[in-house]
Amino acid sequence: MGTSTRVGRPAVGRAEGRRAAGGRRLGRFAALGLVAGLGPGCRRGGEAEPRVIVAAAVSLREPLEELGRRYERARPGAAPRFEWGASGELGRRIAAGAPAELFASASPQALGPLEERGELAVACTLARGRLVLVRRPGPELEGLDWHSLPRHPRLERLAVGLASAVPAGAYAEETLRRLGAYDALAAKVVRGATVRHVLDLVARGEADAGFVYATDVRGRGDVLVVGEAPEPARPAVAFPLALVGRPGAAARDFATFLCGPEGRAAFTDFGFDAP
Amino acid sequence: MSEPFLVSLRVVALALAFAVPAGVGLGLGLARGRFPGRGLLDALVLLPLVLPPSVVGYGLLLAFGRRGPAGRLLEALLGVRLVYTTAGAALAVAVVSLPLMAKGAEAAFAGVDRRLEEVARAHGMNRARAFSFVTLPLAAPGLAVALTLTALRAFGEFGATLTFAGYLGGATATAPLELYVAMQSGDDARAGRLALGLSLAAGLATAAIARWGRRRP
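Taken in sequence, the protein lines are chains A and B. Letter by letter, the first sequence follows residues 7 to 281 of my numbering. Letter by letter, the second sequence follows residues 25 to 241 of my numbering.
Since the hints were derived computationally from the structure, they do not count as laboratory data. Quantities reported herein were computed from a predicted structural model and do not represent experimental measurements. Each residue gets a CB set at the ideal place from its N, CA and C atoms; glycine is no exception. It is possible that part of the hints are untrue.
What the hints assert, rightly or not - Here are some of the chain B residues that sit facing chain A, going by a computed Cβ distance under 8 angstroms:
no.: 1; residue: A37
no.: 2; residue: R90
no.: 3; residue: Q208
no.: 4; residue: S209
Bound-form chain A, shown alone (with noise of 0.2 angstroms):
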């Protein structure tokens, strides 16, 4: 007993002098993750009233971080934490009870078992997308299209979100499958982490070509977009909007904000497409 708190203490002191503020509103985080693990009716106990925090796919940061400060000019005081991830990978931190209170996925099977169960509703879909081909600029990989991907000389290596957890990387091996040509690329496949660990792969040359949002290519002079998937095996890609559990008025306000025509506008504005 008297070793243990004589262990114990140093650490403690060790990271409160590491970071001074920080270490503060982390440890007012992880008191609420604990009041939210007692249950739903008692969440919500304290004097100053707990940021949002929302769990929410990589690929919606921009349209996200946009709205998330327009809501605060708009009422002071109420900054939603946005916490970026592989949708997938997102839900099954919710599922272990990571404490967001809106889910914000790049599918609507990434909320599937969870809403089986459930412990989530969808609110709204935020906005559709579209997944596109991208490649690397290089002359040696002109004539690279979604059909002579299977067969490109060239073609070495292809960037593919890792299916179990980045949405993107599931619709791209189901329009692969659809398209028949999944079997002869699959010795090509790396796994990015995340969408946008796919689209990092692709910008440095470390993947010939690779699957990402439309929208996760805005702005970028350093990748080169194939186009979309032809035709009958184009995959649907929506982002929906999830409440988990029972969320506080805080969340269900942002939730109705995102949800409106403010939200929606922004999401075209960013390059969705509307739901």
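Once you've looked at the hints, dock chain B against the given chain A.
Then chain B, alone, in the frame of chain A:
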């Protein structure tokens, strides 16, 4: 299940083939050498051990990636690419584990009484023979400890490998990387098996080292 462990073995063997000779050379230089910049070299050798593995991996990616200066040179001259290859994973592992070999070797050589070597020289041994038959055997226990620590660190490497070499099954997917990806994919059964396998291997290794340490006089 066993493939990630085979990849680990390949990566570690390749990494040690570089890190052990380089570490012994650096250790000898640091223990015996009196040259300008010795202090700087000493600090540089320790750096990969102190830096977060993500910094090491990112630095390697900037230098040895396809767009990096060293990466470009390697590809143009030898046609070698390092990202997503076993050689790349081995490079990351070698850089991260080299400090343990170098500092361990430095301590091992510093502990050898140089007068014994001088006695051997006085009896007619040349420098190379005195080193191989006097210095090296005396430094051997310390070198063995350094080698063990280096190998164990190499098996456990995760961050620099993932940041630099990336995840590719059969090539860079060592057991620690495979565990991380299994966890990210929600495959808890596989992640659990890998964690158990890694823990067992680490437990056996530390138990063997403790036993071997007791047996020594």
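Taking the hints in turn, this is what the structure says about them:
Annotation: interface hint on A37 (chain B) violated; nearest CB of chain A at approximately 23 angstroms, more than 8 angstroms. Interface restraint check: R90 (chain B) against chain A, minimum CB-CB distance 4 angstroms, threshold 8 angstroms, status holds. Taking 8 angstroms as the C-beta cut-off, the interface hint given for Q208 (chain B) holds, the closest approach to chain A being about 5 angstroms. Contact between S209 (chain B) and chain A, as hinted, is supported at the beta carbon level, the nearest pair being about 4 angstroms apart and thus within 8 angstroms.
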